[in-house]
Each structure stands twice: as structure tokens, then as C-alpha cells.
Amino acid sequence: MNEIKKVLITEEQLKARNAELGRQITEDFKGKDLLAICILRGSYIFFSDLTREIELPLEVAFMHAASYFDGTESSGKVNLPDQNMLSVEGKDVLLVEDIVDSGRTLAALKATLLKKGVNSLHIVTLLDKPDRRVVDIDVDYSGFVVPDEFVVGYGLDYDQRFRNLKYVGILKEEVYQ
0 MNEIKKVLIT
10 EEQLKARNAE
20 LGRQITEDFK
30 GKDLLAICIL
40 RGSYIFFSDL
50 TREIELPLEV
60 AFMHAASYFD
70 GTESSGKVNL
80 PDQNMLSVEG
90 KDVLLVEDIV
100 DSGRTLAALK
110 ATLLKKGVNS
120 LHIVTLLDKP
130 DRRVVDIDVD
140 YSGFVVPDEF
150 VVGYGLDYDQ
160 RFRNLKYVGI
170 LKEEVYQ
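Using numbering that gives the first Met the number 0, the first residue of the sequence shown is number 0, and each one after it goes up by one.
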């Protein structure tokens, strides 16, 4: 694909890391009432692959959350349209995110869910960009730490494109500038 500057994480690396994360989450959540929440749209592929690696009965739910509305920079504003539709009281919640960048989206989600009376709240992200953090947010499980580059694939997009790639790649700057 001509728009990709470099493959950052291969399909094989993604599969192996999902298996590792699944084993770790299985161990950590044994005997708990686990609710895995997929943060749409970017984490849908990661969520699907990861939850199949978790060897526990679990409930799944989906939430829209966004801080990117146009372009490649977080807007600083977080939109949570599904927050009132989700029953989380007394549950052990695992938020499944595609990428933690500024931390704003997860901080808003975390605050919202904690107000709803969750038993516990944990965060797993496929990709982590700690150098971009503007909000202090703890990530319990991280797939890969990535450089401050615009990445696409495996659910992550630019302008709703490239989500279908089987790998995570760095998008060429000329595509989004």
C-alpha cells in the first residue's frame, strides 16, 4: 500500500501480543464479573481478537468515544454519546481502547464509569503513546508502546480509511497534510 511509510507492528506480532494479554487478563480476572467494553470505532478489531483470547465468561458492551473529529490531532474535547445506555454498576470493567494518546478520552470515560458504581475499572490499550500524554491516566495492560507518528491499521484509521489493514503502519505525512 503506497500510503504506508513503514509497517510498525506485523500481523504475527499482533496475534502473539493478544495471546499474552489474554492470558494475563484471564489470570487477573478469575472469579470476577467481567464486562469488557469496546471503545468504538478504532478498537473493534483489537477487541474482537483480544476477547477471544480471554478464557473466562465475560459480558461485552460497546461505547462510542471520540476526541478526533477531523485531522490527526486530538480536539481536546471528548464526546461520549452512549454513556447513559450502559449498565455497569457492580461490574469489574475492562475498557478496551485502540490507542492512548493525550489520555483525555480515557480520563473522561473513567470518570463517567466510576460515577456509575463499577466494582473495578481497568484499561487495556493496543497502542500507547506516553510521550503525547497531557492527562495523567494509568493503563493496566498495554500491547505496544509506539513512537509519536500517525499510525493506521488493525482498526485505526485516517479519515475512516485503513482500518482493514492486518498490521499497524505509519502513514506517510503527505497523505494527511
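Just so you know, the hints here were simulated from the structure itself, not pulled from any lab data.
Worth double-checking, as some hints may not be accurate.
Below are the DMTMM-like pairs computed for lysine to aspartate or glutamate, each with C-alpha atoms no more than 20 Å apart in a straight line [stated by the list, open to error]:
(1) K115 to D91
(2) K165 to E10
(3) K5 to D147
(4) K14 to D32
(5) K109 to D147
(6) K114 to D32
(7) K171 to D147
(8) K114 to D135
(9) K5 to E148
(10) K31 to D139
(11) K109 to E19
(12) K165 to D48
(13) K165 to E26
(14) K29 to E11
(15) K115 to E58
(16) K171 to E148
(17) K31 to E11
(18) K115 to D32
(19) K4 to D135
(20) K165 to E58
(21) K14 to E26
(22) K165 to E52
(23) K4 to D91
(24) K29 to E10
(25) K128 to E172
(26) K115 to E148
(27) K128 to E88
(28) K171 to E52
(29) K114 to E148
(30) K5 to D135
(31) K14 to D127
(32) K4 to D139
K115 paired with D91 [C-alpha distance capped at 20 Å]: holds, 12 Å
Straight-line Cα separation of K165 and E52 no greater than 20 Å? holds, 18 Å
Does E52 lie within 20 Å of K171 when you go C-alpha to C-alpha? Measuring from Cα to Cα gives roughly 32 Å; hence the hint is violated.
Holds or violated: K14 to D127, with C-alpha atoms at most 20 Å apart: holds, 17 Å
Between K165 and E26, is the straight-line Cα distance small enough, at 20 Å or below? violated, 28 Å
Does D48 lie within 20 Å of K165 when you go C-alpha to C-alpha? Roughly 12 Å between the alpha carbons, so the hint for K165 and D48 holds.
For the pair we were handed, K115 and D32, check the Cα-Cα distance against 20 Å. holds, 16 Å
Are the Cα atoms of K114 and D135 separated by 20 Å or less? holds, 18 Å
Taking only the CA atoms, is the gap from K5 to E148 under or equal to 20 Å? Cα-Cα ~11 Å, so holds.
Is the hinted pair K115 and E58 satisfied, with a Cα-Cα distance of at most 20 Å? Distance of about 17 Å is within 20 Å: holds.
Is the straight-line distance between the alpha-carbon of K4 and that of D139 20 Å or less? violated, 30 Å
Quickly compare the C-alpha distance for K14 and E26 to 20 Å and report which way the hint goes. holds, 19 Å
Of the hints listed earlier, those the structure fails to meet are numbers 4, 5, 11, 13, 14, 17, 19, 20, 23, 24, 26, 27, 28, 29, 30, 32, in rising order.
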